[in-house]
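**Q** Turn these sequences into a full structure, and let the hints guide you.
These protein sequences, in sequence, are chains E and D. For the first sequence, my numbering begins at 3 and goes up steadily by one. For the second sequence, my numbering begins at 16 and goes up steadily by one.
In case anyone wonders, no lab produced these hints; they're calculated from the structure. Misleading hints may appear alongside valid ones.
To be verified - Label-pair ranges, simulated between beta-carbon atoms:
hint: 1; chain 1: E; residue 1: 4; chain 2: D; residue 2: 20; range: 45 to 55 angstroms
hint: 2; chain 1: D; residue 1: 112; chain 2: E; residue 2: 79; range: 22 to 32 angstroms
hint: 3; chain 1: D; residue 1: 76; chain 2: E; residue 2: 11; range: 43 to 53 angstroms
hint: 4; chain 1: E; residue 1: 5; chain 2: D; residue 2: 201; range: 31 to 41 angstroms
hint: 5; chain 1: D; residue 1: 35; chain 2: E; residue 2: 40; range: 53 to 63 angstroms
hint: 6; chain 1: D; residue 1: 108; chain 2: E; residue 2: 4; range: 40 to 50 angstroms
hint: 7; chain 1: E; residue 1: 26; chain 2: D; residue 2: 84; range: 26 to 36 angstroms
hint: 8; chain 1: D; residue 1: 175; chain 2: E; residue 2: 55; range: 17 to 27 angstroms
hint: 9; chain 1: D; residue 1: 183; chain 2: E; residue 2: 109; range: 33 to 43 angstroms
hint: 10; chain 1: D; residue 1: 84; chain 2: E; residue 2: 41; range: 36 to 46 angstroms
hint: 11; chain 1: E; residue 1: 72; chain 2: D; residue 2: 204; range: 40 to 50 angstroms
hint: 12; chain 1: D; residue 1: 184; chain 2: E; residue 2: 26; range: 20 to 30 angstroms
As the structure is a prediction and not an experimental result, all values here were calculated from the model. C-beta atoms are modelled at their ideal positions from N, C-alpha and C, and glycine is treated no differently.
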Amino acid sequence: MNECENFERDYQRYRSGDLPLQTSEAHARHLALCPHCAAYSGAHDSVRTLLGAAPLYQPASGFEDRLRARRIEGVRKSVGNHRRFPVSLPAIGAGLATGFAIGFFALFTPDSTDSIPGVPAAVVADAGLKEKADTVKSDRDSIQTPTTGYQLDRRSRLVSGGR
Amino acid sequence: MSYAGLTDEEVIREVQGGSQTALEEIIRRYRNPLFSFIYRIIGDPAFSEDILQETFIRVWSNRDSYREVAKFSTWIYTIAGNLAKSELRRQKIRRWFSLSGASSGDEDDRPIEIADENADPHRDLERRNIRKRVDQEIRKLPLVFREVIILRDVQELSYEEISEILKIPIGTVKSRVNRARLRLQKRLRDLL
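**A** Quick look at the structure:
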């Protein structure tokens, strides 16, 4: 039985002539004497014959026309896609990244109340411009205050008028 | 220009040069073998044609990626095989999500033309039945056995070619062919 197992294990190599001559001859001798291995080999041959006789199928008629139509449609679609997205994806990505970077710096840069916009901090300190900046800031606040007061006064007058 | 005497590799070189007529020659040569291969893998003529079309479209669009170190036949069978396997996976998912238990393709009885049809009308029905049965049994095999047995015993490619197409060692191809034949032999006993 061991010889049968060896034969089955080596069968494909035996049939394709890949085995050393000595092993191949030993299998041939065994095959001539063993009904089990003869049946095994016969089964392979018959399946192979059966499958080998299987027909070639072909696609339904007009295949080339349908293929041509699909290729044309594919080209049209790709052109349509280019029109729909005139800007390439990398460009969109770069734009988004730039936008995020600007937003990030706008949010997280230090508060500019101690400096004058567009003038380096060292220059501001050396030239005594800091006081001027503070003056401008306090003036701005003082301008806003009366407006708020006016609104309050007006509202209270309106309320009092209503009464 | 006539491509009759040229090898596949010579014709694909013309395709790489942009020749549409060379592509038509490739289509003419591979249309039926590839369709048979795909149809036996997935078992549905409509999907098979769809995959066949996609295969040729990819041959055209990826023509520059083909290198002559491999045989053209192994390259095109690899494309078709990968597309067929992707379609099988999609079909599995569709069946999984389908409430109605959509057909597996076996029930599809749309007519499919058969090349090399023998004209003998008396034996035609019997032959058709045998072919149908053989195809059914091939389709029942697990995919790993199905693809090797189709490529080896139906398409008659060499072990080396199959090994390249499926990206598996030759020893594995041989062992799978062996096991597939044994399974088929058991199932087709009444026809043998």
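**Q** Could you work out which earlier hints the structure fails to respect and list their numbers in ascending sequence?
**A** When the structure is compared with the hints, numbers 4, 9 turn out to be violated.
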